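All chains, full assembly: derive it from the sequences and hints.
As a plain string of letters, each chain reads:
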Amino acid sequence: MCLHSDTAPNSRPCEDGQGSLSPCAPLAVPFVPFQQRGSKKYDQREALANGTLFPGLNLPFHVKAQAGSLPEGAAAELQALNFVVTELGLYLDTHQDDAEAIQLFEQYTQLAREGKRRYEAMYGPLTQRSAVQNGAYTWLNDPWPWEYRKEGGGT
Amino acid sequence: MFVYEKKLQYPVRIKNCNPKLAAVIISQYGGPDGELGASLRYLSQRYAMPYPELKGLLTDIGTEELGHLEMIGAIVHQLTRKLSDEQIKTAGFDSYFVDHTTGVYPTAASGWPYNAASMAVKGDVICDLTENLAAEQKARVTYDNILRLSDDPDVNDVIRFLREREIVHFQRFGEAIELAKERMNQKNVYYMNPAFDR
Chain A
1 MCLHSDTAPN SRPCEDGQGS LSPCAPLAVP FVPFQQRGSK KYDQREALAN GTLFPGLNLP
61 FHVKAQAGSL PEGAAAELQA LNFVVTELGL YLDTHQDDAE AIQLFEQYTQ LAREGKRRYE
121 AMYGPLTQRS AVQNGAYTWL NDPWPWEYRK EGGGT
Chain B
1 MFVYEKKLQY PVRIKNCNPK LAAVIISQYG GPDGELGASL RYLSQRYAMP YPELKGLLTD
61 IGTEELGHLE MIGAIVHQLT RKLSDEQIKT AGFDSYFVDH TTGVYPTAAS GWPYNAASMA
121 VKGDVICDLT ENLAAEQKAR VTYDNILRLS DDPDVNDVIR FLREREIVHF QRFGEAIELA
181 KERMNQKNVY YMNPAFDR
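Taken in order, these protein sequences are the chains called A and B.
Quick note: the first sequence uses the numbering used here, first residue 1, plus one each step.
Quick note: the second sequence uses the numbering used here, first residue 1, plus one each step.
One should not assume that every hint holds.
A few chain A residues facing chain B, derived, Cβ under 8 angstroms [what the hints assert, rightly or not]: (1) Gln18; (2) Ser20; (3) Gly51; (4) Asn58; (5) Thr94; (6) Thr127.
No lab work stands behind these hints: they were computed from the structure.
Just so you know, these numbers come straight off a predicted model, no measurement behind them.
Glycine residues also receive a C-beta, built at the ideal position from the N, C-alpha and C atoms.
As structure tokens, this is what we get:
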């Protein structure tokens with residue numbers, strides 16, 4: 001069980017996967033414990049495969065509980081980087097002064113930008129504004145993201 | 001505004017057609033706890049949010065939900081590609097097929113077309129965020145139930161991802177309620193509605 005707010009702000013009174021709650025709190029409103037700073041994190045590929053960056057929030061269902069199996073290739077690589085950016089973005093929305101998370105967010109946005117450039121050079125534009133490649137309008141090129149493809153490559 | 005990125009949030013690659021399963025999963029496209037309702041709920045609620053963290057969080061989760069809508073559409077599309085004459089008669093899918101062929105239409109699995117009555121925008125911080133906690137739980141249970149009904153590992157792989165997102169979103173909405181309460185009347189958070197009362 002958790003200890004409460006008498007500890008210093010950066011110490012971690014609770015285990016990973018737990019959060020702190022104040023001992024006294026107003027009645028008649030919902031309470032969800034705040035996720036602690038410095039919570040354990042997966043690397044980007046594990047994060048995407050599990051649907052969260054945070055092992056403490058990974059709460060699978062007993063039916064078919066194992067983590068997903070991701071394909072190899074530039075698309076999944078980019079999806080993993082973008083996923084960490086999305087996940088950290090939501091975390092920062094409620095933890096806007098977590099310096100470690102801010103730094104990590106900056107690193108991953110940079111990696112995602114590089115990943116996007118690599119991907120677009122190999123497979124074509126991700127956004128319409130990067131659709132002109134070598135003088136040709138490539139936005140309309142198949143495949144589109146919802147279409148089935150056996151292997152590799154795009155999206 | 002929104003800019004489209006020509007990729008999915010998570011890979012969707014479903015080898016085998018399964019119209020019966022598609023007729024179940026369509027509920028997360030246009031059903032009562034589906035991704036269309038989720039994105040509309042959050043992107044609509046944000047206008048009445050008085051605090052910056054809440055405006056940001058609803059914008060960001062609402063945007064992610066649009067990506068999930070696209071993933072569900074991709075699952076349904078891939079499960080129903082190249083169907084044989086025999087497959088379109090599959091019990092459970094035939095009644096969808098007669099109205100929509102293999103187009104992706106926002107409807108509940110029970111046949112009700114998407115209905116905004118399954119979501120709420122109340123214009124009150126605590127009320128809307130509490131609705132969102134419940135909404136994430138309902139979507140999580142729908143994904144649990146899909147995992148019970150589906151034996152296709154390609155589908156379950158994606159469904160597990162989407163289910164986990166509901167849990168993370170629940171956590172963030174819960175934290176958002178904490179942040180909102182800190183800014184409200186400490187003795188009585190119901191003293192006024194900060195989106196309306198000045």
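Evaluation of the provided hints:
1. Gln18: 12 angstroms, violated
2. Ser20: Hint on serine 20 of chain A: violated, closest Cβ of chain B at ~11 angstroms, above 8 angstroms.
3. Gly51: 3 angstroms, holds
4. Asn58: Where the cut-off is 8 angstroms and the nearest Cβ of chain B is about 7 angstroms from asparagine 58 of chain A, the hint holds.
5. Thr94: Nearest chain B Cβ about 4 angstroms off; hint holds.
6. Thr127: 6 angstroms, holds
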